[in-house]
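A.B. asks: Listed below are the residues making up each chain.
2 protein chains.
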Amino acid sequence: MTQNAKFQTGEEVRLAARRGELTGQTSGMAPGYAQANLAILPREFAEDFEQFCRLNAQACPLLDVTPPGSALPKNAAPDADLRTDLPKYRVWRDGVLIDEPTDVLDFWHEDFVSFLIGCSFTFEAALLKAGIPVRHIAQGLNVPMYRTNIPCTPSGIFHGPLVVSMRPLNPADAISAVQITSKYPTMHGAPIHLGFPDKIGITDINKPDFGDAVEIGDGEFPVFWACGVTPQSVIMAAKPPLAITHSPGCMFLTDIRDDDLATD
Amino acid sequence: MTQNAKFQTGEEVRLAARRGELTGQTSGMAPGYAQANLAILPREFAEDFEQFCRLNAQACPLLDVTPPGSALPKNAAPDADLRTDLPKYRVWRDGVLIDEPTDVLDFWHEDFVSFLIGCSFTFEAALLKAGIPVRHIAQGLNVPMYRTNIPCTPSGIFHGPLVVSMRPLNPADAISAVQITSKYPTMHGAPIHLGFPDKIGITDINKPDFGDAVEIGDGEFPVFWACGVTPQSVIMAAKPPLAITHSPGCMFLTDIRDDDLATD
Numbered sequence: 000m001t002q003n004a005k006f007q008t009g010e011e012v013r014l015a016a017r018r019g020e021l022t023g024q025t026s027g028m029a030p031g032y033a034q035a036n037l038a039i040l041p042r043e044f045a046e047d048f049e050q051f052c053r054l055n056a057q058a059c060p061l062l063d064v065t066p067p068g069s070a071l072p073k074n075a076a077p078d079a080d081l082r083t084d085l086p087k088y089r090v091w092r093d094g095v096l097i098d099e100p101t102d103v104l105d106f107w108h109e110d111f112v113s114f115l116i117g118c119s120f121t122f123e124a125a126l127l128k129a130g131i132p133v134r135h136i137a138q139g140l141n142v143p144m145y146r147t148n149i150p151c152t153p154s155g156i157f158h159g160p161l162v163v164s165m166r167p168l169n170p171a172d173a174i175s176a177v178q179i180t181s182k183y184p185t186m187h188g189a190p191i192h193l194g195f196p197d198k199i200g201i202t203d204i205n206k207p208d209f210g211d212a213v214e215i216g217d218g219e220f221p222v223f224w225a226c227g228v229t230p231q232s233v234i235m236a237a238k239p240p241l242a243i244t245h246s247p248g249c250m251f252l253t254d255i256r257d258d259d260l261a262t263d
Numbered sequence: 000m001t002q003n004a005k006f007q008t009g010e011e012v013r014l015a016a017r018r019g020e021l022t023g024q025t026s027g028m029a030p031g032y033a034q035a036n037l038a039i040l041p042r043e044f045a046e047d048f049e050q051f052c053r054l055n056a057q058a059c060p061l062l063d064v065t066p067p068g069s070a071l072p073k074n075a076a077p078d079a080d081l082r083t084d085l086p087k088y089r090v091w092r093d094g095v096l097i098d099e100p101t102d103v104l105d106f107w108h109e110d111f112v113s114f115l116i117g118c119s120f121t122f123e124a125a126l127l128k129a130g131i132p133v134r135h136i137a138q139g140l141n142v143p144m145y146r147t148n149i150p151c152t153p154s155g156i157f158h159g160p161l162v163v164s165m166r167p168l169n170p171a172d173a174i175s176a177v178q179i180t181s182k183y184p185t186m187h188g189a190p191i192h193l194g195f196p197d198k199i200g201i202t203d204i205n206k207p208d209f210g211d212a213v214e215i216g217d218g219e220f221p222v223f224w225a226c227g228v229t230p231q232s233v234i235m236a237a238k239p240p241l242a243i244t245h246s247p248g249c250m251f252l253t254d255i256r257d258d259d260l261a262t263d
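Chains Y and B, in that order, give the protein sequences.
Counting with numbering that gives the first Met the number 0, you get residues 0 to 263 for the letters of the first sequence.
Counting with numbering that gives the first Met the number 0, you get residues 0 to 263 for the letters of the second sequence.
Incorrect hints may have been included.
Since the list gives no way to pick out one identical chain from another, each pair is judged satisfied if it fits inside one copy or across any two copies.
Unchecked claim - List time: in silico DSSO-like cross-link candidates among lysine-lysine, alpha-carbon distance up to 27 Å: (1) Lys128 to Lys182; (2) Lys73 to Lys182; (3) Lys198 to Lys128; (4) Lys198 to Lys5; (5) Lys206 to Lys5; (6) Lys5 to Lys128; (7) Lys5 to Lys73; (8) Lys198 to Lys87; (9) Lys206 to Lys87; (10) Lys128 to Lys206; (11) Lys206 to Lys73; (12) Lys87 to Lys238.
It should be emphasised that the hints constitute simulated quantities derived from the structure, not laboratory data.
These numbers were taken from a predicted model, which means no experiment stands behind them.
Taking the hints into account, I'd like the entire structure generated from these sequences.
C.D. replies: Take a look at the structure:
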């Protein structure tokens, strides 16, 4: 039994993470449940960051925002605790990574606002269901992610380039993947690019900025989607005094069903 | 004023063709009106051919079929005459092209059955409307078309390879074009391939089997759609004693609005 098949629901993944039994990436887990990127910021930056997400909705589709101090995402998973329920976190001080813990109880502040942002792992379930192989899942790797030369629309201190995730696909599957992911506008939607990495500022496809490199076969394209790691990259650039994100690939599992996010 | 802008409706194009004033290709004409491929066959082959169209619906989406002897397509254009209203025809005897007249009054038989088949020119209007440039229209050329190594599903004497039309697009436009053309399932729908012509049996992209070659720019893909010239290629292979088709690119203009063929 693979690690992926062990967890059938979002709650099972969260509880395993809470117990410290799951500390790695979540791609392919709890099929049918929406996965989310996490960003936690001090209250004073929350308004600008929320605006940043709205201005860059393809990269940062907001699923839930908590009131200050609350670690409970009411819309996404009313039984969850955002301080413990992700496999791995990243803690940033002045834009510098200072820790990568498996919970953030020790870092918690009463003025933290938490943002849950849609994740491409969600539409991967739809791709697999349609018979489209997803390379990094097949290889048990984290999805490769890259900083591009495409600037996000800035808001307050938040600015920086769009980050993308990449999946290699043959042309027929790439066409189907455009059709399928277009139905998930709150999960990054359609690809933003395919085929020419250098045109979006990616100089070496074999050296992702986040995640793992995967092989691109003969007759395949690299296909790029806007990625929820974008806010993490932006937080690194904005250098708020303190911020917490998920560790790339180690997502928050919601109770939201993928099907409920599809437009038809 | 360009030739394309001269005609605002399907009827205007048909009347110009009927009068012999229009004898060339129709791409981009009467924007918003569906264009159609024509195939005319003796009654004895009609059933097998209709079945061929249904089995290969992406290449041969049927818009209308006339009763034997009738040149009037009731569904597509109730005032039309299929013997005179296309700019140019091709007449085939035993699979060999014997004439390319501007009307087929002299070839008409009382047992002819006419088939109107959806055409990619229809979705080109939707592409242009979305700001996606269509190279062959911009250059005033006929769309390039290629025989592939993809076999159609045979029916009776009708068999042969899928023919595709090609438009060069940059990645962002290719992604949008997949989204847009997916909404026109009766107009060939989404592309069947992009990027690797050799994978579908096209050895020289600069030498189309029908139509004109167009330039593929730096950072562009060739994007391929199933093409309504497929039945013409199939008729050449099946060698019925007599058959009539449109001349490639010289389509029948219907009264059907493109919008009425979109799925949403």
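A.B. asks: Please go over all the hints and tell whether each is borne out by the structure.
C.D. replies: These are the hints, each one checked on the structure:
For the identical chains of this complex, Lys128 and Lys182 are neighbours both inside a copy (14 Å) and across copies (21 Å), given an alpha-carbon limit of 27 Å. Proximity of Lys73 to Lys182 under the C-alpha cut-off of 27 Å is restricted to the intra-copy arrangement: shortest distance 24 Å within a copy versus 36 Å between copies. Within a single copy, Lys198 and Lys128 get their C-alpha atoms only as close as 31 Å, which misses the 27 Å cut-off; across copies the closest is 25 Å, which meets it. For a Cα distance limit of 27 Å, the shortest separation of Lys198 from Lys5 qualifies neither inside one copy, at 40 Å, nor across copies, at 39 Å.
In this homomeric assembly, Lys206 and Lys5 never come within 27 Å of each other (Cα to Cα): the closest approach is 30 Å inside a single copy and 54 Å across copies. Only within a single protomer do Lys5 and Lys128 lie at most 27 Å apart by alpha-carbon distance; the minimum there is 18 Å, versus 48 Å between protomers. Proximity of Lys5 to Lys73 under the C-alpha cut-off of 27 Å is restricted to the intra-copy arrangement: shortest distance 26 Å within a copy versus 60 Å between copies. Taking CA atoms no more than 27 Å apart as the test, Lys198 paired with Lys87 passes in neither setting, with 33 Å inside one copy and 43 Å between copies.
For a Cα distance limit of 27 Å, the shortest separation of Lys206 from Lys87 inside one copy, 22 Å, qualifies, whereas the shortest one across copies, 55 Å, does not. Proximity of Lys128 to Lys206 under the C-alpha cut-off of 27 Å is found in neither arrangement, the shortest distances being 29 Å within a copy and 39 Å between copies. Proximity of Lys206 and Lys73 under a CA criterion of 27 Å is satisfied in neither setting, with 38 Å inside one chain copy and 60 Å between copies. In this homomeric assembly, Lys87 and Lys238 come within 27 Å of each other (Cα to Cα) only inside a single copy, at 21 Å, whereas the closest approach across copies is 67 Å.
When held up to the earlier numbered hints, the structure conflicts with 4, 5, 8, 10 and 11 and fits the remainder.
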